[in-house]
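There are 2 protein chains.
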Amino acid sequence: MLQQDTALMPNFTRSDGRVSELLDRMHEIADLSALGALAEWDQNTEMPEGAGEIRGDQMATLQGVLHERWTSERLSHLLDQLEHASVQANLSDADKGLIREARRSYDRSTKLPRTLVEELARVQAASFESWRKARTNNDFANFAPWLARTISLQREIADRLGFVETRYDALLDQFEPGMTSSKIDTLFAPVREVSATLLKRIQASGHAVDDSCLQGDFAQEKQMALSEAVLRAMGYELSHGGIARSPHPFTTSFGSPFDVRLTVNPDQHFIQASVMAAIHEGGHALYEQGSAPTLVRTPIAGGASMGAHESQSRLWENNVGRSLPFWRGQYQLIRSAFPEHFANVEVEAFTRALNKVQPSLIRIEADEVTYNLHIIIRYELERAMVNGEVAVESLPGMWNAKYREYLGIEPETDSKGILQDVHWSGGFGYFPTYTLGNLYGAQIFHKLREVFPDFDTRLEKGETAFLLRWLEEHMYAYGAIYLPEDLVKRVTGELPNPEHFVRYLTNKFEGIYNL
Amino acid sequence: MLQQDTALMPNFTRSDGRVSELLDRMHEIADLSALGALAEWDQNTEMPEGAGEIRGDQMATLQGVLHERWTSERLSHLLDQLEHASVQANLSDADKGLIREARRSYDRSTKLPRTLVEELARVQAASFESWRKARTNNDFANFAPWLARTISLQREIADRLGFVETRYDALLDQFEPGMTSSKIDTLFAPVREVSATLLKRIQASGHAVDDSCLQGDFAQEKQMALSEAVLRAMGYELSHGGIARSPHPFTTSFGSPFDVRLTVNPDQHFIQASVMAAIHEGGHALYEQGSAPTLVRTPIAGGASMGAHESQSRLWENNVGRSLPFWRGQYQLIRSAFPEHFANVEVEAFTRALNKVQPSLIRIEADEVTYNLHIIIRYELERAMVNGEVAVESLPGMWNAKYREYLGIEPETDSKGILQDVHWSGGFGYFPTYTLGNLYGAQIFHKLREVFPDFDTRLEKGETAFLLRWLEEHMYAYGAIYLPEDLVKRVTGELPNPEHFVRYLTNKFEGIYNL
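Respectively, the protein sequence lines represent chains Z and X.
If you count the first sequence from 1, position 362 lands on 362 in the numbering used here, and the numbers rise without skipping.
If you count the second sequence from 1, position 197 lands on 197 in the numbering used here, and the numbers rise without skipping.
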């Protein structure tokens, strides 16, 4: 975290009374939101099962107070004033970013009537329950009516939020401000191409990667300690963080950069799950911990977007955390956690095992080569749903056909197919941010290797601080001041460009599979 | 918890529009307060050290929102209407209790100006820091100015809150509604007498209790598991609770009866600390979990007062949890947790050890005979401070003289004397509720033994549910509907009467020390 010289950090023009009043209002909203995030963290880590209903009431009350704050007339008036060109000219980038984000939330809160927001929450809760049961019982028909309901609700939300080209853009913009599906189509085309091609070349090569060294009997308590050790090695600050267990790993913040926590979920028989989740969540957490302390208690502290966030979790997890130089520098952590198991496993074999490519049905188990194909399938289907181009009943067939086409395999059950992810019980527009993250991440990684010609050597020596400090200084410190595309351009010198990912992926897997 | 028939539970007259509006407002306040309680729980159990400052900001923001809610004009208008005799006649006891508590909070919030409340928070924080250092360095002089500041602030608060007889009453009333120092003087006199007399008789008897069986090497993880087992045996519902570790054991609720959690702090070398803390906190938790679900999300869900709360923690800890019948029924929990250590320790020796009487300097380590003397010393001193009868500089001397007089021992340092407790860094009026709890508890225990002639036999068989169900039905379910004195009368048939405690203590320790 940048605790050094706040004079060098992005900052607000507090001397302007309107900025200062906006800040007061944003502090209040950020503080209340942080308490909500804490309640969600508790829900996922410690809350007893019998408290679910009352916690729901508490969260609804908090949402109500936040809605009241976000729709205040005084806020509207203040934003109108601050958006005047004459005022803007004298403002800092941080001011402008704050005003932009406040406007986004004000607009969203006023454009979506409270009844719609409440209906959305109700439908999401019921749809989630239906999805959970449908997945357990492999019963898509039971989930279908809820999916149809979600489609029509999301279309209504898109209409109310407004859009230029397609309804889908309005939903996407919630998670990735400024992004549109036409931009995505351009960005994703080469990704789809390189992934499919590489997969075919790997399968044709006849070379295999053996990942049996990652399997065994790994005590979960020791995996928790190992996760902590790996996170410390990355530079994660435990004095401003915490590590817990939850069924699905996640990262959250109760006031970046000062309180950023994460979870992992060790699998007793497969060490990769906890180690790579720790590095992935660690990437998210480093991003939040790197946010300039001058931005604290505002909506622009933390990450710029879901895609920007995923760029950091994936950069640390894949570009760094699945590389041989990184593990040459850190392998003693693995060996001292499980000395017997890894005594005769060389670091090269360990790293190779982390990079096994295998088309699979399940997104969250996918390797770097196939991962984006899973995302592209989902993106194509959800865009069609939102744009009204598909009947719910035909979705499982479309899903299976796309898996056959892109990955060469087809799920035998909908549970392992269209029902595998929770996302569609809530809404649409989120999935593409995973692949955007991979693209931004590869582009930033490319930049890092240009800046540090001795990048690999330093990783091999166990160094990581050089890399973290650079990312903090050039990216993390700025929080959500800039829109994600602009941020990528500021960090790397060019707008998002998929060629960096294409080149990274090709070089890496040509090497590993000796193509 | 009373999950049975809500028709038999205390309830609100929702058909009255004014009651229903009051309930809506109370739900909102209770939900926000619960999120604050969750944040405090987190602060004491998981929060990283570097998050202290931002958490302080978040709590201050929440207090601001709550203050805004408590001082709303609409609430004032509503209370005025609901307090009309003509309206009251048609209301339930639950309605009346809710109106009374809402009025208390409204009055407090409007009588204390925001600047005073903020100053109080600042002085408390600074005074706490000063106290912590003063205790570490045995340096009362450094704490003295903060204590003086606290005295004058608390006097101002008392003046603003208002009182009939003495300023001290206004402060006391914050924790024990309806209680006054003249009532306390009457209640405490026989307690002081019996404690001092019994202590002298025990010391003169030459009989000793050997508690070496409680000392040893007890793995903390196993103590946590043992605490859980003991709490389950008492009837604590883990599906609506949770057990964590914190430096000082405490119980808290995020919506009684549905989410009530507690902490313990195992001492590796002294098993009594965690076991008796679990039972003590368990008593608090059972009281909260027993609150009628019909009262949920209101300020009268939970306990009636600090004294009423302490009556239950002490009833379970001392009257039940330090009795031979209880341990005859539960001793297998101790033995199976630490089989080797307790293989040759009989349950009689174990229970006797839990009842060792020894005048000590430290309140929280005190036995049942001397405990109230520690409280009475503090009560006498803080009453004198608030009523302006004593100079801060002379307090350590007065403290030591009172210890010499009441307990026959004198601290060699202020750290083990006047600086031992945190309370006076925050304010005054809390201490007497500990002894009130002991009195109420003994009186309720007496009633229980009347109701259940086979009380001991059932405990010896390992039963506890009969006792918990009775307490739930006759006391816990009512939350804070009644003022504490009225509640004691409803439960036991008479107003608080110290003779029950006097008789309980005398009989018990005459037996143990063979007097």
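Treat the hints as calculated values from the structure; they're not laboratory data.
Possibly wrong hints are sitting among the right ones.
Subject to a maximum C-alpha distance of 25 angstroms in a straight line, what follows is the list of computed SDA-like cross-link-like pairs (lysine to any residue) [unchecked claim]:
id : chain 1 : residue 1 : chain 2 : residue 2
1  : Z       : K222      : X       : A343
2  : X       : K222      : Z       : A225
3  : Z       : K447      : X       : Q220
4  : Z       : K222      : X       : Q220
5  : X       : K222      : X       : S205
One side of the interface only, derived from the structure: several residues of chain Z facing chain X at Cβ under 8 angstroms [what the hints assert, rightly or not]:
id : residue
6  : E28
7  : I54
8  : L66
9  : V87
10 : D259
11 : R297
12 : L361
13 : I362
14 : E365
Which residues of chain Z face chain X? A few of them, derived with a C-beta cut under 7 angstroms, are [as the list claims (entries may be wrong)]:
id : residue
15 : L35
16 : A37
17 : Q58
Ideal Cβ placement from N, Cα and C applies to all residues, glycine included.
Structure-based check of all given hints:
no.	hint	verdict
1	Z:K222 / X:A343	violated (32 angstroms)
2	X:K222 / Z:A225	holds (20 angstroms)
3	Z:K447 / X:Q220	violated (50 angstroms)
4	Z:K222 / X:Q220	holds (18 angstroms)
5	X:K222 / X:S205	violated (38 angstroms)
6	E28	holds (5 angstroms)
7	I54	holds (4 angstroms)
8	L66	violated (10 angstroms)
9	V87	violated (27 angstroms)
10	D259	holds (4 angstroms)
11	R297	holds (6 angstroms)
12	L361	violated (35 angstroms)
13	I362	violated (32 angstroms)
14	E365	violated (30 angstroms)
15	L35	holds (5 angstroms)
16	A37	violated (10 angstroms)
17	Q58	holds (4 angstroms)
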